[in-house]
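Engineer: Each chain, letter by letter, is given below.
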Amino acid sequence: MLFIIAWRNIWRNKTRSMVIILSVLIGLWAGIFIIAFFMGMTNEQIDTAISQQYSHMQVHHPKFRELDEPVYTIQNREKVVELVKHEPGVIAASERTVITAMAASAYTSSGITLLGVDPEEEAAVTGLSERTGQGRYLEENGHNQLLIGNKLLRKLKLEPNSKLILTFQDASGDLTSAAFRITGVFTAASSFNEENIVYINRRELDSLAGFRGGIHELAILLQSNDQLENIAASLRQKLPGGTRLETWKQLSPDLRLMIDSFEQYMYIIIGILLIALAFGIVNTMLMSVLERQKELGVLMAVGLNKRKLFSMILLETIGITFLGCLAGLPLAWLTVMITSKTGINLSQFSEGLAMYGYGNIIYPSLESSYYWKVAGMSISAAILAAIYPAYKALQLQPAVAIRKI
Amino acid sequence: MEKAVIDAHNVSKVYEEGPVPVKAVDDIHLHINKGEFVALVGPSGSGKTTLLNMIGGLDEPTTGQVIINGINITGLSANALIDFRMKNIGFVFQSFNLIPVLTAKENIEFIMLLQKIPKDQRQQRVKKLLEEVGMPDKADVRPGELSGGQQQRVAVARALASKPQFVLADEPTANLDSTAASNLLDIMEKLNREENMTFIFSTHDQRVIKRARRVITLVDGRIASDTMQTPLVHHE
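If you're matching them up, the sequences are chains G and B in order. Here the first sequence stands for residues 1 to 405, numbered as in this note's numbering. Here the second sequence stands for residues 1 to 236, numbered as in this note's numbering.
Do not take every clue at face value.
Claimed, not checked - In silico EDC-like links for lysine to aspartate or glutamate, alpha-carbon gap of 20 Å or less:
(1) LYS14/G - GLU145/B
(2) LYS157/G - GLU351/G
(3) LYS138/B - GLU171/B
(4) LYS34/B - ASP177/B
(5) LYS294/G - GLU171/B
(6) LYS308/G - ASP177/B
(7) LYS127/B - ASP137/B
(8) LYS79/G - GLU246/G
(9) LYS306/G - GLU145/B
(10) LYS157/G - GLU140/G
(11) LYS294/G - GLU60/B
(12) LYS79/G - GLU139/G
(13) LYS210/B - ASP177/B
(14) LYS308/G - GLU295/G
(15) LYS306/G - GLU171/B
(16) LYS138/B - ASP186/B
(17) LYS128/B - GLU60/B
(18) LYS128/B - GLU194/B
No lab work stands behind these hints: they were computed from the structure.
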């Protein structure tokens, strides 16, 4: 009967109840969509970072990333490469030499990271060949070929087929310079990569710098990011000493932080929305209780105890919120589902987005567990919001309340 | 002599909410026996409703004790008092205090639900009570669609639903026209006569006073007179 009374009480003042239901609906819809949008952006950034920059994991000499010295090449390179390529779940691996260099055009110069790669391997790991727009991709046996980012090209005021002088330190510590011709221009989601990375053929860099077949970096692409930790653990056991394997989470602590703190951001966003909603609910339920003092007095007089009275107010509040959730969650799910397929075009802000490694189109996405979490938080907020109005109801003296007009 | 169903000993009520304490009920002794049909009368502010509320456990005396069927309800906790009211006392209030979102049937059934009476028993009793108050056809009608008199009749049925020791009625006819008031009193008289149900009214309605067998007059919170009378019998 308490359920019946609570349910019918919700519909006594339809306008007021609908306002709260709509508030919950809009609040949930907006909250979930914002979270899905942020998650879409985060996923985009992770995907981009994996597919264009870090790949899933990399192997280095233990000191290479700390000291950034060309001398720290991977020991037992052949064995390492073989182990990695035969590991189940690994679909491609790219051997790289990595040197900090200076790129100079006739007009200006810029500090860069010079990557010596095997064109075929690199294309398989980072899709570099597909991202090469103007000009053509590096050839396996090409000479003095160089791939440059679109942004660096503009910075150096060059055009495809222009000549570029690269100066770098060789394995023995001496400065070496060589002239290359810009074979192709690549694009990257990250403007940092577009402005700072230059690719040449590893074979050529090897002979210029004297690495004698040594590599600094082995970038590994997996079938799925879900296998990341398992494969990393397996490879760490197999790899010989003098190597260090790191996943993209270790290679990019800022990305890892972003993911780890995503849930906290979600709770903060939803928390703020729910606090605002809770005040609305408190206000509505308080009005409802104060308007019904006489009726509540009668209920108490005829035998409704305080626990049941409290439950009745609680049920009304939960009922209103539940209806809002019932409408808001499917609407949010539908919006996320549609936009996850169509994407949200933000090309107007492409410059700014590219700076942070985002593409022009964001595809919102959200795991189903978040919907339940948000619904649970909403109901919890409703329960908290019901406490004060219910407390006010419990304070009523039946003899006084009955005489209220 | 029948055993007293209600015993009020030295009951006083002082309201201290304003700057000057107000003594609404002043040292009242009262015994009401099973099956009585009592009217508490007196001018406004004489303490009728306050006394009725204390007898019904809705208000607590400042001093004195209210004993119902040997139980001192003055010392009961709030929840125990609610439970006691539910099981022992029926209420009929002045302005048709039914639950507006429940139908007539549900209003009557509500107390029985609180008492955890099985469904079939509840339904039988609701049917019987609605017949007794002459409203078997209004079972599924909500209070808003009933007249004032009909609402009060449902209120009487609700008051009787828990099979109480007695029914307290605070100005039950105050908002009713003559016909509705007469019908309501007929029903209550019949229940009193046939089921020996004790009724205690607070009223200054002459229509009620004439029907009462015992009239207790309050003046300034004290009992000014307590007389037995031959009621004006109404023939149906």
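Engineer: So, for every hint listed, does it hold in this structure?
Structural biologist: Verification of the hints:
1. With a C-alpha separation of about 19 Å, the suggested pairing of LYS14/G with GLU145/B holds against the 20 Å cut-off.
2. For the suggested pair LYS157/G and GLU351/G, the alpha carbons sit about 19 Å apart, so the restraint of at most 20 Å is met.
3. For the given pair, LYS138/B sits about 24 Å from GLU171/B by alpha-carbon distance, which is inconsistent with the 20 Å threshold.
4. Straight-line distance between C-alpha atoms of LYS34/B and ASP177/B comes to about 30 Å, which puts the hinted pair past the 20 Å bound.
5. Of the pairs offered as hints, the one joining LYS294/G and GLU171/B holds, with about 16 Å between alpha carbons and a cut-off of 20 Å not exceeded.
6. The straight-line distance between the Cα atoms of LYS308/G and ASP177/B is roughly 36 Å, outside the 20 Å bound, and the hint therefore fails.
7. Taking the CA atoms of LYS127/B and ASP137/B, the gap is near 10 Å; set against the 20 Å cutoff, the hint holds.
8. Taking the CA atoms of LYS79/G and GLU246/G, the gap is near 18 Å; set against the 20 Å cutoff, the hint holds.
9. With a CA separation close to 30 Å, the supplied pair LYS306/G and GLU145/B exceeds the 20 Å bound.
10. Note on LYS157/G and GLU140/G: the hinted pairing is violated, with a Cα-Cα distance of about 27 Å set against a maximum of 20 Å.
11. The straight-line distance between the Cα atoms of LYS294/G and GLU60/B is roughly 19 Å, inside the 20 Å bound, and the hint therefore holds.
12. A C-alpha spacing of about 26 Å is found between LYS79/G and GLU139/G, which places the hinted pair above 20 Å, so the restraint is violated.
13. Restraint check for LYS210/B and ASP177/B: satisfied, since their Cα atoms lie roughly 16 Å apart, inside the 20 Å limit.
14. Taking the CA atoms of LYS308/G and GLU295/G, the gap is about 14 Å. The hint holds against a cut of 20 Å.
15. At roughly 27 Å between alpha-carbon atoms, LYS306/G and GLU171/B are farther apart than 20 Å, so this suggested pair is violated.
16. A hinted pair counts as satisfied when its Cα atoms are at most 20 Å apart, and LYS138/B with ASP186/B qualifies at roughly 19 Å.
17. Proposed proximity of LYS128/B and GLU60/B is contradicted: the alpha carbons are some 34 Å apart, above 20 Å.
18. At roughly 14 Å between alpha-carbon atoms, LYS128/B and GLU194/B fall within 20 Å of each other, so this suggested pair holds.
In terms of the numbered hints stated before, the structure departs from hints 3, 4, 6, 9, 10, 12, 15, 17, listed from lowest to highest.
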